[in-house]
Amino acid sequence: MEPTVDLPSEFKRAAEFPVVQSWAFLNHAAVAPISRAAHDAIVEFAEQAANDAYLTGKWYKQIETVRELAANFIGAHIDEIAFAKNTSEGIAFVASGLDWHRGDQVISTAVGYPTMVYPWMDLAARARIEHVELRETDGRFTTEQVLATVTPRTRLVALSHVEFGSGFRHDIAAIGRFCRSRGILLCVDAIQSLGVIPVNVHEMNIDFLSADGHKWLLAPEGAAIFYCRRELLTALRPEVGWMNVINANDFGAHNFTLKSDARRFECGSHNVPGILALGASIRLLQRVSLPLVYRRVAALTDYLRHRLSEKKYRVISSARQNETSGIIAFESPYGPTVHDAVVRELEEKRIIITQRVGRLRASPHFYNTFEDIDRLIDALPT
Numbered sequence: 320m321e322p323t324v325d326l327p328s329e330f331k332r333a334a335e336f337p338v339v340q341s342w343a344f345l346n347h348a349a350v351a352p353i354s355r356a357a358h359d360a361i362v363e364f365a366e367q368a369a370n371d372a373y374l375t376g377k378w379y380k381q382i383e384t385v386r387e388l389a390a391n392f393i394g395a396h397i398d399e400i401a402f403a404k405n406t407s408e409g410i411a412f413v414a415s416g417l418d419w420h421r422g423d424q425v426i427s428t429a430v431g432y433p434t435m436v437y438p439w440m441d442l443a444a445r446a447r448i449e450h451v452e453l454r455e456t457d458g459r460f461t462t463e464q465v466l467a468t469v470t471p472r473t474r475l476v477a478l479s480h481v482e483f484g485s486g487f488r489h490d491i492a493a494i495g496r497f498c499r500s501r502g503i504l505l506c507v508d509a510i511q512s513l514g515v516i517p518v519n520v521h522e523m524n525i526d527f528l529s530a531d532g533h534k535w536l537l538a539p540e541g542a543a544i545f546y547c548r549r550e551l552l553t554a555l556r557p558e559v560g561w562m563n564v565i566n567a568n569d570f571g572a573h574n575f576t577l578k579s580d581a582r583r584f585e586c587g588s589h590n591v592p593g594i595l596a597l598g599a600s601i602r603l604l605q606r607v608s609l610p611l612v613y614r615r616v617a618a619l620t621d622y623l624r625h626r627l628s629e630k631k632y633r634v635i636s637s638a639r640q641n642e643t644s645g646i647i648a649f650e651s652p653y654g655p656t657v658h659d660a661v662v663r664e665l666e667e668k669r670i671i672i673t674q675r676v677g678r679l680r681a682s683p684h685f686y687n688t689f690e691d692i693d694r695l696i697d698a699l700p701t
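Throughout, the working numbering is defined as the position within the sequence shown, counted from one, plus 319.
A portion of the hints provided could be inaccurate.
Unchecked claim - Distance windows between CB atoms, simulated:
| id | residue 1 | residue 2 | range |
| --- | --- | --- | --- |
| 1 | 441 | 396 | 27 to 37 angstroms |
| 2 | 567 | 363 | 22 to 32 angstroms |
| 3 | 676 | 446 | 22 to 32 angstroms |
| 4 | 332 | 394 | 27 to 37 angstroms |
| 5 | 566 | 462 | 40 to 50 angstroms |
| 6 | 519 | 652 | 32 to 42 angstroms |
| 7 | 566 | 372 | 20 to 30 angstroms |
| 8 | 447 | 342 | 24 to 34 angstroms |
| 9 | 575 | 549 | 14 to 24 angstroms |
| 10 | 362 | 396 | 30 to 40 angstroms |
Treat the hints as calculated values from the structure; they're not laboratory data.
All C-beta atoms in this analysis are idealised placements derived from N, C-alpha and C, irrespective of residue type, glycine included.
Let's have the full structure, built from the sequences with the hints guiding it.
So, in structure tokens, the structure goes:
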């Protein structure tokens with residue numbers, strides 16, 4: 320097991336995450352509780368909107384600050400960051416925006432979240448591309464398996480950084496190096512990694528990345544980060560609205576010239592409170608320090624894996640170095656037919672996990688405690 324990783328003494332768990340006063344919440348891979356910082360950002364917006372309308376908010380200046388925060392958080396340039404409604408919209412920017420040719424090949428996995436499956440299925444039917452889906456073995460893949468699937472017709476590799484059903488983490492850096500050396504595009508759904516696993520899009524040779532804030536980033540639903548590598552900004556055809564053109568506030572000019580940076584993908588008004596709350600949570604994670612968050616979650620999940628094995632639950636998630644994440648998928652010794660009942664019984668005891676693809680799934684974040692893990696283990700049926 321990993322050694323215990325303590326949080327800074329000044330971090331007040333209940334103050335930053337009030338949810339801990341009522342629940343052992345171990346389901347951050349679904350929809351996480353928002354941080355107190357995100358809550359306060361929404362309240363401040365609501366007070367300004369109610370009392371002064373837009374007159375004192377300066378919200379769009381604040382949004383540009385969040386854009387810079389998001390860029391720094393993933394190692395991008397600020398002109399490579401757009402805000403989207405959700406992860407799916409960011410992936411759709413890629414699927415709908417590239418100029419596809421009949422016979423182009425897209426490689427993804429057969430166990431991906433639908434966000435990373437349906438767009439390629441649609442392209443296969445509509446644009447006659449070839450969609451190749453990789454199969455997992457015992458909850459994992461190998462980098463060699465991904466790379467061996469590439470052919471001269473491979474246009475795009477589309478992967479979730481972390482697979483939602485198993486918690487398996489792909490070696491995106493190795494896959495990215497391979498793809499970049501061959502002129503293959505790499506599109507990453509990072510919703511299950513941003514906020515818990517350090518990501519640097521330039522070092523990892525990622526071309527496109529999308530992630531909503533409502534999981535590990537501890538922000539509300541409906542505000543996502545979309546990254547497009549600077550050299551590819553004009554390779555995607557955006558949806559067009561009033562806001563993604565230059566001089567957008569000159570409403571009578573009708574100058575249809577798209578913005579030169581990633582804001583060209585923002586076709587209309589922002590989810591202002593959502594983006595401000597996202598920024599507040601990113602600041603919180605930076606204040607705690609993402610490397611510490613990563614080590615803390617690794618310690619918690621390693622302890623959970625150990626305790627589950629003691630209780631004769633079968634752990635699906637890989638324990639191999641560089642394949643772990645914040646997700647632990649496991650099976651009851653009584654089989655998957657009891658999983659629904661297990662989730663319900665745990666909820667009655669104020670413990671929150673979930674089930675996905677026939678597996679139980681727990682996903683603790685950095686502010687959870689080892690006592691939370693013990694509480695879960697003690698409550699699981701034997």
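Verify the CB-CB distance for residue 566 and residue 372 against the hinted window 20 to 30 angstroms. 24 angstroms, holds
Quick check on a hinted range of 22 to 32 angstroms for residue 567 and residue 363, using CB atoms only. Holds - the Cβ-Cβ distance for residue 567 and residue 363, about 25 angstroms, lies within 22 to 32 angstroms.
Within 14 to 24 angstroms: is that where the Cβ-Cβ distance between residue 575 and residue 549 falls? 22 angstroms, holds
Consistency of beta-carbon spacing, residue 396 to residue 441, with hint 27 to 37 angstroms: 30 angstroms, holds
Note whether the CB distance of residue 676 and residue 446 lies within 22 to 32 angstroms or breaks it. 28 angstroms, holds
For residue 566 and residue 462, compare the CB-CB distance with the range 40 to 50 angstroms and indicate the outcome. 46 angstroms, holds
Taking the beta carbons of residue 447 and residue 342, is their distance inside 24 to 34 angstroms? Violated: the Cβ-Cβ distance is about 49 angstroms, outside 24 to 34 angstroms.
Taking 32 to 42 angstroms as the stated bounds, is the beta-carbon spacing between residue 519 and residue 652 within them? 41 angstroms, holds
Does the Cβ-Cβ separation between residue 362 and residue 396 fall within 30 to 40 angstroms? 32 angstroms, holds
Lying within 27 to 37 angstroms: is that true of the beta-carbon distance residue 332 to residue 394? 29 angstroms, holds
Hint check: a violation occurs at hint 8 only; the rest are consistent with the structure.
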